[in-house]
Amino acid sequence: MGRRSLIGVLLGAFNLLVYLFLLAPIAVVIIASFNSSARLSFPLEGVSLQWYRAFLANRELLEALRLSAVVALATTALALPLGLLAAFAIDRYRFPGRDALSAFLLSPLLIPGVVLGIGILIFYASVGLPISVWGFVLAHVLIASPYVVRTVLASLARFDRSLEEAAMSLGADDLRTKRAVTLPAIRPGLLAGGIFAFMTSFDNVPLSVFLATPTVTPLPVKIYADLDSHGIDPVFTAVSTVLIVGTLALVLLLDRYVGLERL
Amino acid sequence: MAGSIAERVYHLKRSRWSVLAGVLPILSVYVALLVIPMLLLGQFSLYRKLTGEMGQVVLIREVSLANYAKFLASPFYFRILKDTLVMALTVTGLCVLLGYPVAFSLSRARRWKGILYLLVLAPFFVSVVIRTYGWMVILGHNGLVNWLLLASGLVTAPVPLIYNYTGILIGVTHIMLPYMVITLEAVLRKIDRSLIEAAQGLGANPWQAFSRVIFPLSLPGLVAGSLLVFALSVSIFTTPSLMGGGRIHLMSTIIYEETMGQVNWPSGAMLAWVLLVTTLAVLGLSQLAARRFEWRR
Numbered sequence: 014m015g016r017r018s019l020i021g022v023l024l025g026a027f028n029l030l031v032y033l034f035l036l037a038p039i040a041v042v043i044i045a046s047f048n049s050s051a052r053l054s055f056p057l058e059g060v061s062l063q064w065y066r067a068f069l070a071n072r073e074l075l076e077a078l079r080l081s082a083v084v085a086l087a088t089t090a091l092a093l094p095l096g097l098l099a100a101f102a103i104d105r106y107r108f109p110g111r112d113a114l115s116a117f118l119l120s121p122l123l124i125p126g127v128v129l130g131i132g133i134l135i136f137y138a139s140v141g142l143p144i145s146v147w148g149f150v151l152a153h154v155l156i157a158s159p160y161v162v163r164t165v166l167a168s169l170a171r172f173d174r175s176l177e178e179a180a181m182s183l184g185a186d187d188l189r190t191k192r193a194v195t196l197p198a199i200r201p202g203l204l205a206g207g208i209f210a211f212m213t214s215f216d217n218v219p220l221s222v223f224l225a226t227p228t229v230t231p232l233p234v235k236i237y238a239d240l241d242s243h244g245i246d247p248v249f250t251a252v253s254t255v256l257i258v259g260t261l262a263l264v265l266l267l268d269r270y271v272g273l274e275r276l
Numbered sequence: 073m074a075g076s077i078a079e080r081v082y083h084l085k086r087s088r089w090s091v092l093a094g095v096l097p098i099l100s101v102y103v104a105l106l107v108i109p110m111l112l113l114g115q116f117s118l119y120r121k122l123t124g125e126m127g128q129v130v131l132i133r134e135v136s137l138a139n140y141a142k143f144l145a146s147p148f149y150f151r152i153l154k155d156t157l158v159m160a161l162t163v164t165g166l167c168v169l170l171g172y173p174v175a176f177s178l179s180r181a182r183r184w185k186g187i188l189y190l191l192v193l194a195p196f197f198v199s200v201v202i203r204t205y206g207w208m209v210i211l212g213h214n215g216l217v218n219w220l221l222l223a224s225g226l227v228t229a230p231v232p233l234i235y236n237y238t239g240i241l242i243g244v245t246h247i248m249l250p251y252m253v254i255t256l257e258a259v260l261r262k263i264d265r266s267l268i269e270a271a272q273g274l275g276a277n278p279w280q281a282f283s284r285v286i287f288p289l290s291l292p293g294l295v296a297g298s299l300l301v302f303a304l305s306v307s308i309f310t311t312p313s314l315m316g317g318g319r320i321h322l323m324s325t326i327i328y329e330e331t332m333g334q335v336n337w338p339s340g341a342m343l344a345w346v347l348l349v350t351t352l353a354v355l356g357l358s359q360l361a362a363r364r365f366e367w368r369r
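As you go down the protein sequences, you meet chains A and B in turn. Each residue of the first sequence is one higher than the last, beginning at 14 in the numbering used here. Each residue of the second sequence is one higher than the last, beginning at 73 in the numbering used here.
These are calculated hints, taken from the structure and not from any lab test. Worth double-checking, as some hints may not be accurate.
Claimed, not checked - Using C-beta positions, here's what the derived DEER-type ranges look like:
1) B/Ser-146 - A/Val-146: 35 to 45 Å
2) A/Ala-170 - B/Arg-88: 21 to 31 Å
3) A/Val-146 - B/Trp-279: 54 to 64 Å
4) A/Leu-86 - B/Ala-138: 38 to 48 Å
5) B/Val-103 - A/Leu-86: 20 to 30 Å
6) B/Leu-220 - A/Leu-19: 24 to 34 Å
7) A/Trp-147 - B/Leu-222: 42 to 52 Å
8) B/Tyr-140 - A/Tyr-106: 41 to 51 Å
9) A/Arg-105 - B/Val-130: 48 to 58 Å
Given the structure is predicted, the values throughout are model-derived calculations rather than measurements. Every residue gets a Cβ at the ideal spot worked out from N, C-alpha and C, and that includes glycine.
One chain only, chain A, in its complex shape (with noise of 0.2 Å):
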C-alpha cells in the first residue's frame, strides 16, 4: 500500500510540473502585461496599464487586428457554406471517387503551411493578382475548409436519418426538412467547423508570411516580424492577452454548446 501511494504521489508531482510547462508561457504573458517598468526583465515591478495603453495607441497593431478580424470572419463565411455543401454530398450519396475525395478535401491540413504559402505567392504572381485582403481570405478558405468538412461530416454520421423521414411523411418538403430537421441537428458541427475555421485564419503566420506586404499585415504576421526583427517587445504582452481572453471565450463556449471531448 505504501509503495503504491509513494507511485501516486510521484505521478501527481510529475503531473503538475507538465500542466506548469503547459501553461506557463500563457500565464506569464498575461501576468507581465500588467508589468509597470519600461523594460520586460523579471524580477517585475508594479502594477499599470501602460502597455494595454500603448497597444490602443499603436496604429499599426490594430489595423493589424482589424485585417485579421476581416479575413476570419470572411474565412469562416466562406467556409462554412463549401464545407457544409460538400459534406453533405459526401454524406449522402455513393459515387466513385468518395473516398479519395474527403481525403483530398482533408489533405491541406497534410501540407505544410510554408509550402502552401510560396506556392500561394507564385500563383498570385503568375496571375497578376496583387495583395489584398481577398488574397488572404481565398487562401485562409483553403486551409480552413477542411476542418468545417471534417466536423459537419462528424455530425452527419451521428445523425439518424429516420427523423428526416418522419418531417417527410408529416408532410414537410425536402428544403423544410434540411431547414427545420437537419441543419439544427448538426449546428454543433457547423458551430466547431466555424470556431475553427475563423481561428485557423486568425492565427495563421506560415502560409500568411508569404503573402503579407508592410502595409497589408495580418496581427499574427506583425507580432511575428516584429519579434523576429526586433526580439521582444512588451506592448506584444497586451495585445496577447487581449487576444487570450477573447480565445478562451470562444473555446468556453465551444465548450458549452459542442464539448471538446467529442471533437
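Use these hints to put chain B onto chain A, whose structure you have.
Structure of chain B alone, referenced to chain A:
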C-alpha cells in the same frame, strides 16, 4: 411498376447533379489554391534565379534540374534536412515522456476531469506566435528562468536558452504536447478497468499490471500520437523561426529565407518540394505502420 425505371434514372441523374452541385464549389477553390500552386511550385523549382548587374532579380525560365543537383551536392542543405528530422524525432520523444503519464492520469481521473482536459487543450487554442512569445519572455536573457537561476546563485551569468537549439526544442515540444496527450488519452480511456482488476486479482503488482496489461494495450495510441507529432514537427515554422533567431535553420525556415530573404523563388520552390515529399513520405510510412500494427493485433 412502369414508371420505376424512369424513376430510377430520374433519381440517378438528380443525385449526380446534387453531388456536383455540392462538391464543385469547394473543388474549384482547391484546384485554384492547391493543385495549380503545387504544379507551379514544381515548374518554378526547375527554373533558375540570376542576379543582374544592378542587383535586380532575373528569372531564367529554362527547365533544368540544377536546383535539385544543388540540394544533393550541398552539405549545407543536407544538414538542414537532417537537423529537421532529428529535431522532430527529439520532440516526439519528449512528448512521449511528458505526455504519457499525464494522459494516463487524465484517463483515470474522475473528479476534475473536464477541467484537466480543458487545461491540456487550453494552449492549443492560444495562437502559436503568442505561445512562442511567452517562451521568449520566460527563457530570454532577462527572462523568468534566468532571473530564478541568478537569484538562487546556481549560475553567475544568464544562460542562453533562446536563439539556439534548446529554445527550439522547448518551444516545439510545447506546441506538440497537447496533440500527444489527447491522442494517448483517447486510447487509454477505452482500456477496460476490469482487465487491470483481473491482473491484480491474479497477483500482479501495480507495476506489472501497468507494464503487462495497460502499456501494451496503449501502444496504438502511442504509435498514432508519435506519428502525428513527428509529421507536424517536420514542417512547423513559426516557433523554430523565432526561437532559433535566424541562427539555426530548419527546412521550413530556410524555405522562407530563400524565398523572401534572398528572393530566390526557384530555390525556395525546390526546397518546398523536398519538404512536401518528406512530409508525405512520413505520412505514408505512418499509414503503412498503422495498418501493419492493426494486422498484427
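Here is how each hint holds up against the structure:
{"no.": "1", "hint": "B/Ser-146 - A/Val-146: 35 to 45 Å", "verdict": "holds (39 Å)"}
{"no.": "2", "hint": "A/Ala-170 - B/Arg-88: 21 to 31 Å", "verdict": "holds (23 Å)"}
{"no.": "3", "hint": "A/Val-146 - B/Trp-279: 54 to 64 Å", "verdict": "holds (59 Å)"}
{"no.": "4", "hint": "A/Leu-86 - B/Ala-138: 38 to 48 Å", "verdict": "holds (44 Å)"}
{"no.": "5", "hint": "B/Val-103 - A/Leu-86: 20 to 30 Å", "verdict": "holds (25 Å)"}
{"no.": "6", "hint": "B/Leu-220 - A/Leu-19: 24 to 34 Å", "verdict": "holds (28 Å)"}
{"no.": "7", "hint": "A/Trp-147 - B/Leu-222: 42 to 52 Å", "verdict": "holds (51 Å)"}
{"no.": "8", "hint": "B/Tyr-140 - A/Tyr-106: 41 to 51 Å", "verdict": "holds (43 Å)"}
{"no.": "9", "hint": "A/Arg-105 - B/Val-130: 48 to 58 Å", "verdict": "holds (53 Å)"}
Against the hints set out earlier in the document, no violation occurs for any number.
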